[in-house]
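K.L.:
Protein chains in written order, with my numbering: chain V, 588 to 896; chain G, 588 to 896.
Just so you know, these hints were derived from the structure itself, not from any lab.
Footprint (simulated), chain V over chain G, 3 or more residues, beta carbon under 8 angstroms: (1) 591 to 602; (2) 628 to 638; (3) 648 to 661; (4) 683 to 691.
Not close to chain V: a few residues of chain G, all C-beta gaps over 10 angstroms, as computed: (5) Asp675; (6) Leu676; (7) Val703; (8) Lys764; (9) Phe777; (10) Cys783; (11) Leu832; (12) Gln841.
Every residue, glycine too, gets a C-beta built ideally from N, C-alpha and C.
2 protein chains.
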Amino acid sequence: MEITFLGTSSGVPTRTRNVSSVALRLPQRKEIWLFDCGEATQHQLLRSDLRTSQIRRIFITHMHGDHIFGLMGLLASCGLAGTVSQIDLYGPPTLDRYIASCLRWSVMRLPYKLQVHTVEPGEVFSDGEFTVTCRLLHHRVPAFGYRVSESDRPGRFHVEKAQALGIPFGPLYGQLKQGKTITLADGRIFDGRDFCDPPQRGRSMVYCTDTVFCESAVELAQQADVLIHEATFSHQEADLAFARLHSTSTMAAQVAAFAQVKLLFLTHFSARYAPGNPVQVEDLLAEAQAIFPNTRLARDFLRYEIPRG
Amino acid sequence: MEITFLGTSSGVPTRTRNVSSVALRLPQRKEIWLFDCGEATQHQLLRSDLRTSQIRRIFITHMHGDHIFGLMGLLASCGLAGTVSQIDLYGPPTLDRYIASCLRWSVMRLPYKLQVHTVEPGEVFSDGEFTVTCRLLHHRVPAFGYRVSESDRPGRFHVEKAQALGIPFGPLYGQLKQGKTITLADGRIFDGRDFCDPPQRGRSMVYCTDTVFCESAVELAQQADVLIHEATFSHQEADLAFARLHSTSTMAAQVAAFAQVKLLFLTHFSARYAPGNPVQVEDLLAEAQAIFPNTRLARDFLRYEIPRG
Ligand SMILES: [Zn+2]
Ligand SMILES: [Zn+2]
Numbered sequence: 588m589e590i591t592f593l594g595t596s597s598g599v600p601t602r603t604r605n606v607s608s609v610a611l612r613l614p615q616r617k618e619i620w621l622f623d624c625g626e627a628t629q630h631q632l633l634r635s636d637l638r639t640s641q642i643r644r645i646f647i648t649h650m651h652g653d654h655i656f657g658l659m660g661l662l663a664s665c666g667l668a669g670t671v672s673q674i675d676l677y678g679p680p681t682l683d684r685y686i687a688s689c690l691r692w693s694v695m696r697l698p699y700k701l702q703v704h705t706v707e708p709g710e711v712f713s714d715g716e717f718t719v720t721c722r723l724l725h726h727r728v729p730a731f732g733y734r735v736s737e738s739d740r741p742g743r744f745h746v747e748k749a750q751a752l753g754i755p756f757g758p759l760y761g762q763l764k765q766g767k768t769i770t771l772a773d774g775r776i777f778d779g780r781d782f783c784d785p786p787q788r789g790r791s792m793v794y795c796t797d798t799v800f801c802e803s804a805v806e807l808a809q810q811a812d813v814l815i816h817e818a819t820f821s822h823q824e825a826d827l828a829f830a831r832l833h834s835t836s837t838m839a840a841q842v843a844a845f846a847q848v849k850l851l852f853l854t855h856f857s858a859r860y861a862p863g864n865p866v867q868v869e870d871l872l873a874e875a876q877a878i879f880p881n882t883r884l885a886r887d888f889l890r891y892e893i894p895r896g
Numbered sequence: 588m589e590i591t592f593l594g595t596s597s598g599v600p601t602r603t604r605n606v607s608s609v610a611l612r613l614p615q616r617k618e619i620w621l622f623d624c625g626e627a628t629q630h631q632l633l634r635s636d637l638r639t640s641q642i643r644r645i646f647i648t649h650m651h652g653d654h655i656f657g658l659m660g661l662l663a664s665c666g667l668a669g670t671v672s673q674i675d676l677y678g679p680p681t682l683d684r685y686i687a688s689c690l691r692w693s694v695m696r697l698p699y700k701l702q703v704h705t706v707e708p709g710e711v712f713s714d715g716e717f718t719v720t721c722r723l724l725h726h727r728v729p730a731f732g733y734r735v736s737e738s739d740r741p742g743r744f745h746v747e748k749a750q751a752l753g754i755p756f757g758p759l760y761g762q763l764k765q766g767k768t769i770t771l772a773d774g775r776i777f778d779g780r781d782f783c784d785p786p787q788r789g790r791s792m793v794y795c796t797d798t799v800f801c802e803s804a805v806e807l808a809q810q811a812d813v814l815i816h817e818a819t820f821s822h823q824e825a826d827l828a829f830a831r832l833h834s835t836s837t838m839a840a841q842v843a844a845f846a847q848v849k850l851l852f853l854t855h856f857s858a859r860y861a862p863g864n865p866v867q868v869e870d871l872l873a874e875a876q877a878i879f880p881n882t883r884l885a886r887d888f889l890r891y892e893i894p895r896g
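Between the sequences and the hints, there should be enough to build the whole structure, so can you do that?
P.N.:
Laid out in structure tokens, this is it:
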């Protein structure tokens, strides 16, 4: 599970930050899942080492333009690439209406299957290896936070140890693998857990934008390895954050602290914090770290591989 | 009248060429008029020396995504800039439906007046100084070519010459300025043309994309100072050009030659001619120059000031 930030600016692109998009690369299945798709996300992909043709699922948080205006161009380019067979798109009610209107008026026919799913709080997707859930955040329009959770993997089974003990091949090995206790014909008893490494904990990533501080973000992010949370404003602009239902750096940090995540990335910065402004994104970082020390700043093209265990 | 190419690729962006957009800067009125608005046009503007806040009119050739998917993001950013009071948008029928749908589903309200005009062949805009006309080209969907024509300016009136000859101040000066012949009380006769420099010819720019070779492009481009014409394919791909109703380099050159324009810019190149391909855009240039020598290649951010006279 490798995260690449493709856009980290709020509202408008700047010279160094594009509008919102995050890519999650799943190398084991050669797939990329996108979270939001602001304008020029396909241009950012061109400049990254990610392959647009690997995009398999796209999760949209809410219908504001800076999170969706790159969708149509990306979907069109996936069609011209010629190697895409299906894309599943998840998002709020009306996402399907937006897509249908754009396809119609731009006279576009996609040469692959595009499946648009309207999400509701709860499970959005699950295939045994990954589960995606979402919660309703608190913004001016319905906005969903997403959590991708990898399933736990059973620990490695030490077959050579079972063999050395003379345990006969067959269904008993399967029971040991599952951690069960077995009794041999000769009366010996073995505990499967003695033959297996401890299970590998599945990794998890949570993406919360756009929202003011809310309990549902805390619930969604419980114990996550990585929380990506919007931090449009600095702490001193809390009034603006409450008025526009965006978060300050400190609200993001509070979510991370309450949820006991391992690592927090701040993103979706107001364009006002561009170089030259008295307040900089580094100040937002310091504000957040005072509450949640393991905080980092997202920037365009930053990659982060979520470590196992 | 200064042209800046903001996107010169057909269909999809490449690492060096964005999808279609051309800016026409009119410094005397501090206005920018855009022709087409592919995705990330606002990003290209950010990287140019043009000010997004000066955009006053946008002319759309046709409804294919690579010519319109940058519109919504640009219109949104013009709103956030806070200094725009009106934008007039011109294009094919259904452009208004596309805009209305996108505004609706992205819950966007623009803080300025957006006027959408459906164009028909003929005059699209005129204000005394500039006239914009359009013609229907020949593409898979209705596509319009546009011509911007500057009005001729009367030559400078040499007031000092009239004074030296003792012509009395007053309405007679106005008649001389207009090139009329006057008779003084003392019987002397003067021809106004002797007091005026020859009129300055207005400049003109024509933009033709997407289209296969067509007579209406030739008619629209008659005697233009600059013709910007699509050249999606090289001459050897003429079959593809006819099948997809795009132009080859040589078709563009033929339009320029028949219309007797002063200068031809080729643009809207297929992404296949990217560095590394055996055929390059320079080959398209050579093919066109064999027919119309004063041909140049457009590239992103290339500026061209149309000279007077
Ligand atoms: Zn946003
Ligand atoms: Zn095109």
